[in-house]
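The hints should help you fit chain B onto chain A, whose structure is shown.
Number of protein chains: 2
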Amino acid sequence: MNLTILGCYAATPRTFTNPTSQVLEIRNRLFLIDCGEGTQVQLRKNKIRFSKINQVFISHLHGDHFFGLIGLISTFALLNRTKDLHVYGPKGIKEIINLQLRLSNSWTNFGLYFHELESNESEIIFEDEKVIVRTIPLKHRVYTNGFLFQEKVGDRKLDLNAVQNYEIDTCYYQKIKNGKDITLDDGRVIENSKLTFDPIAVKSYAFCSDTIYNENMIPIIERVDVLYHESTFLDSEESLAKKTMHSTAKEAATIALKANVKQLVLGHYSTRYENIKLFKQQAETIFPNILLADDGKSFEF
Amino acid sequence: MNLTILGCYAATPRTFTNPTSQVLEIRNRLFLIDCGEGTQVQLRKNKIRFSKINQVFISHLHGDHFFGLIGLISTFALLNRTKDLHVYGPKGIKEIINLQLRLSNSWTNFGLYFHELESNESEIIFEDEKVIVRTIPLKHRVYTNGFLFQEKVGDRKLDLNAVQNYEIDTCYYQKIKNGKDITLDDGRVIENSKLTFDPIAVKSYAFCSDTIYNENMIPIIERVDVLYHESTFLDSEESLAKKTMHSTAKEAATIALKANVKQLVLGHYSTRYENIKLFKQQAETIFPNILLADDGKSFEF
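These protein sequences, in sequence, are chains A and B. Residue numbers for the first sequence follow this note's numbering, beginning at 1 and rising by one. Residue numbers for the second sequence follow this note's numbering, beginning at 1001 and rising by one.
One or more of the hints may lead you astray.
In silico DSS-like pairs for lysine-lysine, Cα to Cα no more than 27 Å straight-line [claimed, not checked]:
1) B:LYS1045 - A:LYS297
2) A:LYS152 - A:LYS258
3) B:LYS1139 - B:LYS1157
4) B:LYS1157 - B:LYS1083
5) A:LYS243 - B:LYS1194
6) A:LYS297 - A:LYS130
7) B:LYS1262 - B:LYS1280
8) B:LYS1180 - B:LYS1139
9) A:LYS94 - B:LYS1091
10) A:LYS297 - A:LYS243
11) B:LYS1083 - B:LYS1045
12) B:LYS1094 - A:LYS45
13) A:LYS277 - B:LYS1045
14) A:LYS297 - A:LYS52
15) A:LYS45 - B:LYS1045
16) B:LYS1152 - B:LYS1277
17) B:LYS1045 - A:LYS47
18) A:LYS203 - A:LYS177
19) A:LYS83 - B:LYS1243
20) A:LYS91 - B:LYS1091
21) B:LYS1139 - B:LYS1175
22) A:LYS94 - A:LYS203
23) B:LYS1194 - A:LYS45
24) A:LYS94 - B:LYS1047
25) B:LYS1177 - B:LYS1194
26) B:LYS1194 - B:LYS1180
27) A:LYS45 - B:LYS1152
28) B:LYS1258 - B:LYS1152
29) B:LYS1094 - A:LYS91
30) B:LYS1130 - B:LYS1194
31) A:LYS45 - A:LYS297
Because the hints were derived from the structure by calculation, they are not lab data.
Next up, chain A with everything else stripped away, as it sits in the complex (with noise of 0.2 Å):
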């Protein structure tokens, strides 16, 4: 599982810092998780391959998380992409995207499916066969989820010699990686467990942005490997976080601590702060494995 941060601040694209934007690989799956002003050029600058993304999340309408997209899919259409692509947003995305490209007399030649999004309870909105997608309803000043992939369990591994030794058939080796015992022709049953190994660990990302301190989140995304969070505040600024319905370093870390994950990812910071090391320090007074993101980084997990 592999998170490049394409833009990590708040607010507006500045000279060296993005608005939000994030690619995340998983299962050899390339999601793109909202898409701020300049994504197609940080795109191009991470040398991630645009023909790659088939699936875009967007979690809610404030222009520092879609502002890019109209832009991404013209491009898409002007690279002569025949994919279908597929965007999952908030209601409204779908007529802000097509009313500017019947203006601008630009259909694109490849399917371009909008999934609107308005419960306000977790829902699945995307599942193949190996990894699935579930919302996090949050609480901004619009409409806004976050985002849950989540690998599928894969079929348990097969122990070659195990299954040579008892001069099993070929024929019976995928019934093994689902899990079923064997019955040898002299009557033996033998079990799963002495055939296959455990399939390889499960992985989980949760992106949380943009969200005021809400514990509503913590039974969706308990236990999860990465949590993204916002904290787009320090310390100092805790009531214009409420007000302006944003979290600090301290109640992203304070989330991860209640909902038991493994690693948690800061972002979303003010361009008012000079230095971003300050959220880690603040945050590690409450939960310890902290990361910073920043434009361009990539984390593998």
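Using the frame of chain A, we list chain B on its own:
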């Protein structure tokens, strides 16, 4: 008159090139012309004061000319702008911007005025005491205008020695600057030309992008000081230029020649070319005074 190129490449923003946007400073006014994605970052990089921009002119609704506008307007709002902002552009621009402001629940505290253009005739769209702006109807795949910026002829300059020699009272100075003759107490009539110098020569700038080769613009831009004319393609792509309704470097030079302009600035290069000097070489075979626009370049005229 100063022209700063924020972006002058066609189609999409890339790692080192930006889509169309430029700032014209004329008689202490700062006009923003087109606003591709990333324009607000380019304004920062080029140290142009956001607050001095009160008028934005959008040529047409292709993304590489306006996708940065919603981000710029949102940033103005975040910076607590209070001064009115006027946007001149094709019908539809108001709906695009207002839809996004409405869905992000982020209305501006400043007056945001849209002047939507629909006419196929040149018309005056802005005028104050020092500058006048007219549309230049262009031919492209969607409704498109160029813009002609003209300084107004100012007052005549007072010849202080002359008026003092004739012992003319200061209360007549404004009349003299306006071009009136003066009758002295002894009845002598002093011609204005003996009391004043010619006013400072007025300058003019024509922005013409995007357009197919189109001689209809010539009467409007005749004898301008500076013509920015798109040259998306080189000679080798002449048929592609026609198909996509763009111009070649030589076609831009032909317009400059026929319109008898003083200076031609080329831009809106297709990103397929590695060496933009070829645009100058090809254009110079037709018209002598060629400058090449490039991102971050500033021209004083």
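Here is how each hint holds up against the structure:
no.: 1; hint: B:LYS1045 - A:LYS297; verdict: holds (23 Å)
no.: 2; hint: A:LYS152 - A:LYS258; verdict: holds (24 Å)
no.: 3; hint: B:LYS1139 - B:LYS1157; verdict: violated (42 Å)
no.: 4; hint: B:LYS1157 - B:LYS1083; verdict: violated (33 Å)
no.: 5; hint: A:LYS243 - B:LYS1194; verdict: violated (68 Å)
no.: 6; hint: A:LYS297 - A:LYS130; verdict: holds (26 Å)
no.: 7; hint: B:LYS1262 - B:LYS1280; verdict: holds (16 Å)
no.: 8; hint: B:LYS1180 - B:LYS1139; verdict: violated (45 Å)
no.: 9; hint: A:LYS94 - B:LYS1091; verdict: holds (20 Å)
no.: 10; hint: A:LYS297 - A:LYS243; verdict: violated (30 Å)
no.: 11; hint: B:LYS1083 - B:LYS1045; verdict: holds (23 Å)
no.: 12; hint: B:LYS1094 - A:LYS45; verdict: violated (33 Å)
no.: 13; hint: A:LYS277 - B:LYS1045; verdict: holds (25 Å)
no.: 14; hint: A:LYS297 - A:LYS52; verdict: holds (19 Å)
no.: 15; hint: A:LYS45 - B:LYS1045; verdict: holds (18 Å)
no.: 16; hint: B:LYS1152 - B:LYS1277; verdict: violated (35 Å)
no.: 17; hint: B:LYS1045 - A:LYS47; verdict: holds (23 Å)
no.: 18; hint: A:LYS203 - A:LYS177; verdict: holds (20 Å)
no.: 19; hint: A:LYS83 - B:LYS1243; verdict: holds (26 Å)
no.: 20; hint: A:LYS91 - B:LYS1091; verdict: holds (25 Å)
no.: 21; hint: B:LYS1139 - B:LYS1175; verdict: violated (45 Å)
no.: 22; hint: A:LYS94 - A:LYS203; verdict: violated (31 Å)
no.: 23; hint: B:LYS1194 - A:LYS45; verdict: violated (65 Å)
no.: 24; hint: A:LYS94 - B:LYS1047; verdict: violated (35 Å)
no.: 25; hint: B:LYS1177 - B:LYS1194; verdict: holds (12 Å)
no.: 26; hint: B:LYS1194 - B:LYS1180; verdict: holds (11 Å)
no.: 27; hint: A:LYS45 - B:LYS1152; verdict: violated (45 Å)
no.: 28; hint: B:LYS1258 - B:LYS1152; verdict: holds (24 Å)
no.: 29; hint: B:LYS1094 - A:LYS91; verdict: holds (20 Å)
no.: 30; hint: B:LYS1130 - B:LYS1194; verdict: holds (26 Å)
no.: 31; hint: A:LYS45 - A:LYS297; verdict: holds (12 Å)
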